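Build the full structure now, drawing on both the sequences and the hints.
Chains as they are written, first to last, in numbering that gives the first Met the number 0: chain A, 0 to 292; chain B, 0 to 408.
In short, the hints are calculated from the structure, not lab data.
It should be emphasised that the depicted structure is a prediction, and the values quoted were computed from it without experimental measurement.
Some hints here could point you the wrong way.
Here are the simulated lysine-lysine pairs, DSS-like style, with alpha carbons at most 27 Å apart [as the list claims (entries may be wrong)]:
| hint | chain 1 | residue 1 | chain 2 | residue 2 |
| --- | --- | --- | --- | --- |
| 1 | A | Lys179 | A | Lys135 |
| 2 | B | Lys6 | A | Lys141 |
| 3 | A | Lys179 | A | Lys141 |
| 4 | A | Lys179 | A | Lys224 |
| 5 | B | Lys6 | A | Lys135 |
| 6 | B | Lys240 | B | Lys99 |
| 7 | B | Lys267 | B | Lys240 |
| 8 | A | Lys112 | B | Lys6 |
| 9 | B | Lys142 | B | Lys267 |
| 10 | B | Lys220 | B | Lys45 |
| 11 | B | Lys45 | A | Lys121 |
| 12 | A | Lys112 | A | Lys57 |
What follows is the residue order along each chain.
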Amino acid sequence: MAVIELQEVSKLYGFGDATTLALDEVDLHIETGEFVAIMGPSGSGKTTLLNIIGLLDKPTHGEYVLDTRYVSRLRSGQQARARRDKIGFVFQSANLLPRLNVLENVALPLAYKGTLPVRRLKLASDMLERVGLRDKEYFYPKHLSGGQIQRVAIARALINNPTIIIADEPTGNLDSGNSKIVMELLSEIHRSGNTVVMVTHNPELTRYANRLLYMHDGTIVGDEKTKLGEVAKGIKNVYFTDESSVEEHLAHGVATIMREVPPKELSSKKPKLPKAQTKKPRTRKRSYKRSKK
Amino acid sequence: MIISDYKMALASIRSARWRSSLTMLGIIIGISSVVTIASLGEGLKKQVSEQINQLGGNVLTIRSGNVVSKNSDGSVASVNPLALFSASTLTDQDVASIQKLDGVSAVAPMSLITNSIGYEDREMNNVYVVSSTPDLNVVLQDKVNFGAFFIPEDTNENYAVIGTSIAEELFGGVNPVGQTFTISGTNFLVRGVHEPFQAGVLSTIGIDLNYSIIIPPATGKRISENRAQIAQILVQVSDQKRLDVVLLELQHELRTNHKGQNNFTILKQEELANVSDDIINAATAVISGIAAISLIVGGIGIMNTLLVSVSERTREIGIRKAVGATNRQILRQFLMEGLVLSLVGGVVGIALAVAGNFLLRIYTDFRPVITPSIILIALGTAVTIGVIFAVMPALQAARKHPIEALRNE
Chain A
0 MAVIELQEVS KLYGFGDATT LALDEVDLHI ETGEFVAIMG PSGSGKTTLL
50 NIIGLLDKPT HGEYVLDTRY VSRLRSGQQA RARRDKIGFV FQSANLLPRL
100 NVLENVALPL AYKGTLPVRR LKLASDMLER VGLRDKEYFY PKHLSGGQIQ
150 RVAIARALIN NPTIIIADEP TGNLDSGNSK IVMELLSEIH RSGNTVVMVT
200 HNPELTRYAN RLLYMHDGTI VGDEKTKLGE VAKGIKNVYF TDESSVEEHL
250 AHGVATIMRE VPPKELSSKK PKLPKAQTKK PRTRKRSYKR SKK
Chain B
0 MIISDYKMAL ASIRSARWRS SLTMLGIIIG ISSVVTIASL GEGLKKQVSE
50 QINQLGGNVL TIRSGNVVSK NSDGSVASVN PLALFSASTL TDQDVASIQK
100 LDGVSAVAPM SLITNSIGYE DREMNNVYVV SSTPDLNVVL QDKVNFGAFF
150 IPEDTNENYA VIGTSIAEEL FGGVNPVGQT FTISGTNFLV RGVHEPFQAG
200 VLSTIGIDLN YSIIIPPATG KRISENRAQI AQILVQVSDQ KRLDVVLLEL
250 QHELRTNHKG QNNFTILKQE ELANVSDDII NAATAVISGI AAISLIVGGI
300 GIMNTLLVSV SERTREIGIR KAVGATNRQI LRQFLMEGLV LSLVGGVVGI
350 ALAVAGNFLL RIYTDFRPVI TPSIILIALG TAVTIGVIFA VMPALQAARK
400 HPIEALRNE
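Written out as structure tokens, the structure is:
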């Protein structure tokens with residue numbers, strides 16, 4: 000059963016000439032229990048997609064069905080409650096509230112749910128046990144390492160027993176050792192039946208996922224099932240091209256590129272750009288790695 | 000949820016201690032000044048009413064001449080100071096006819112004889128030697144502390160009942176009862192000493208009883224060689240409910256005695272009390288209003304601090320929203336912060352005002368009184384100001400878009 004279902008979801012930012020198309024009629028089904036990794040260069044719309052899935056943002060067009068419920072047109076209060084009950088977030092950094100101790104941070108979603116203080120601290124304590132940080136309950140975030148902070152964030156994301164866990168580059172600020180611990184924890188959560196959607200720049204992390212989405216210019220240009228424990232092979236084949244050469248660019252400057260990249264039409268007649276183009280013979284190769292700069 | 004909001008607010012206020020205390024200072028100063036002024040007003044009202052009511056509410060004062068002219072509604076329209084210097088229009092006949100009236104329980108005519116007395120080699124020139132009947136003791140509710148008041152049979156005896164200040168200043172440490180002193184060269188025996196009276200000028204009795212010597216009426220006439228005039232007559236009415244009836248009868252009787260002339264004034268205690276209360280209330284309100292401006296400044300301080308706090312904690316707001324806080328919950332959190340700031344400021348302000356009141360009582364003649372209603376109003380004002388000025392920052396926080404808030408590092 001699809002826990003997440005996006006139907007032709009678009010997201011536009013800005014007005015008039017400054018309008019940007021961040022998501023371009025994206026259709027996506029995510030089944031319960033999947034671990035989906037989303038990759039793509041900066042500006043490709045991964046985070047926008049994640050925000051819409053996480054109910055932090057509303058699509059401009061299209062429908063979003065979360066757990067059989069249409070949620071794209073909810074009022075902000077209902078959206079907040081849906082977010083609280085269905086979704087757990089793990090961000091790249093500064094995940095925790097500095098003024099609260101670890102226990103209170105983990106218990107925060109329960110506070111908004113109206114759980115009584117004693118009970119929510121008990122639940123939070125149990126959850127910290129699960130991520131192996133029970134002995135740090137009364138520490139403040141500034142006393143924790145980056146890896147520990149992410150584990151606390153994962154504990155907080157799990158406290159409401161959410162339908163999906165959303166992780167936006169959860170290891171972005173961590174060294175490889177801590178990254179591994181955090182990813183193992185996410186993997187364990189996945190194995191216990193949770194749905195995880197994660198944005199990452201690190202292809203190594205795709206080995207924890209069983210599905211990989213590759214995004215470019217607001218569209219999903221690659222969608223492959225991957226094997227757990229193996230780095231996805233398909234990502235190496237995803238390229239995008241433009242017709243001109245580097246020499247031409249150097250000679251004529253940005254104007255050349257501007258001429259060659261036609262402005263996107265933002266009306267309903269949108270050009271079906273990505274999939275066809277990606278298969279064209281390439282004159283210049285740019286892998287996703289470039290965008291890491 | 001409210002408890003956790005409160006805890007969060009406290010934590011956030013604590014985390015920016017300096018800023019929060021400076022913010023609170025505005026409210027503290029405002030509340031403490033408003034409370035101090037209100038309590039001074041309240042104290043003044045109490046002092047005045049004590050002075051006025053030391054005779055009891057059932058006493059009418061009749062003065063010679065038209066000291067004040069009144070409007071039709073009974074309020075004082077103007078004061079006629081010259082009336083104080085004219086020869087008294089009150090006579091013994093007036094006293095006699097008042098005594099015959101129904102519902103009058105005591106009539107005490109008062110004549111001012113002289114201002115100087117002597118004892119051994121000492122002299123006092125700031126006293127009131129007043130001749131009156133033993134009824135004065137009834138009107139004054141028998142406030143003789145040592146000895147006794149003279150009785151009707153003593154009407155021509157050289158007896159005196161003296162005020163407590165005279166006892167202290169003239170006789171020093173000696174118990175004056177039984178001592179003799181001189182008035183206009185005549186020896187007088189101290190029969191009694193009054194207990195201390197509330198000093199004041201607003202009483203209808205018009206003189207400071209602590210500096211008064213009361214002597215019998217015939218004696219007064221004798222030593223003044225019959226020149227003593229009745230300055231005022233205190234009339235005690237047996238039933239306070241019939242005060243107005245007796246007043247009308249008095250008026251009628253005196254007009255008959257005075258050949259239809261209205262050359263006297265009858266004063267009620269409560270009239271004076273009302274007038275003075277009105278004046279004090281108005282003055283207190285005006286000064287408190289000025290002090291309340293500082294509360295508004297304090298409120299703006301709260302708003303400023305919260306605005307800074309909201310922009311500093313944008314990321315926090317984003318995280319809170321991401322974990323499921325609704326706009327209303329965020330709004331409540333920041334309102335609570337404003338509330339706590341102003342409430343703590345209010346409580347500290349009241350504590351300061353209480354301390355200030357103690358100092359005022361110790362070092363000045365003021366007797367400020369803090370009533371529960373003053374405290375409630377002060378706290379209410381503080382809380383209202385805190386919440387009102389927190390609304391704007393709280394709305395700003397609540398309306399933040401979660402994504403933009405999260406993007407803020």
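Here is what the structure says about each hint:
At roughly 20 Å between alpha-carbon atoms, Lys179 (chain A) and Lys135 (chain A) fall within 27 Å of each other, so this suggested pair holds. Taken as a hint, the Lys6 (chain B) and Lys141 (chain A) pair is honoured in the structure, with Cα atoms around 20 Å apart against an allowance of 27 Å. For the suggested pair Lys179 (chain A) and Lys141 (chain A), the alpha carbons sit about 22 Å apart, so the restraint of at most 27 Å is met. Only pairs whose Cα atoms come within 27 Å are accepted, and Lys179 (chain A) paired with Lys224 (chain A) is accepted, the gap being roughly 22 Å.
At most 27 Å may separate the alpha-carbon atoms for a hinted pair to count; Lys6 (chain B) and Lys135 (chain A) meet this at roughly 21 Å. The hinted pair formed by Lys240 (chain B) and Lys99 (chain B) meets the criterion: a straight-line CA distance of about 19 Å does not exceed 27 Å. Taking the CA atoms of Lys267 (chain B) and Lys240 (chain B), the gap is about 13 Å. The hint holds against a cut of 27 Å. Between Lys112 (chain A) and Lys6 (chain B), the direct Cα distance comes to roughly 17 Å. Compliance with the 27 Å bound is thereby established for this hinted pair.
Pair hint Lys142 (chain B) plus Lys267 (chain B) holds up; C-alpha atoms about 21 Å apart against a cutoff of 27 Å. With a C-alpha separation of about 38 Å, the suggested pair Lys220 (chain B) and Lys45 (chain B) falls outside the 27 Å cut-off, and the hint is violated. At most 27 Å may separate the alpha-carbon atoms for a hinted pair to count; Lys45 (chain B) and Lys121 (chain A) exceed this at roughly 57 Å. In summary, the hint linking Lys112 (chain A) to Lys57 (chain A) is supported, as the alpha carbons are separated by about 22 Å, within the 27 Å threshold.
In the structure shown, a violation is registered for the earlier hints numbered 10, 11, in ascending order.
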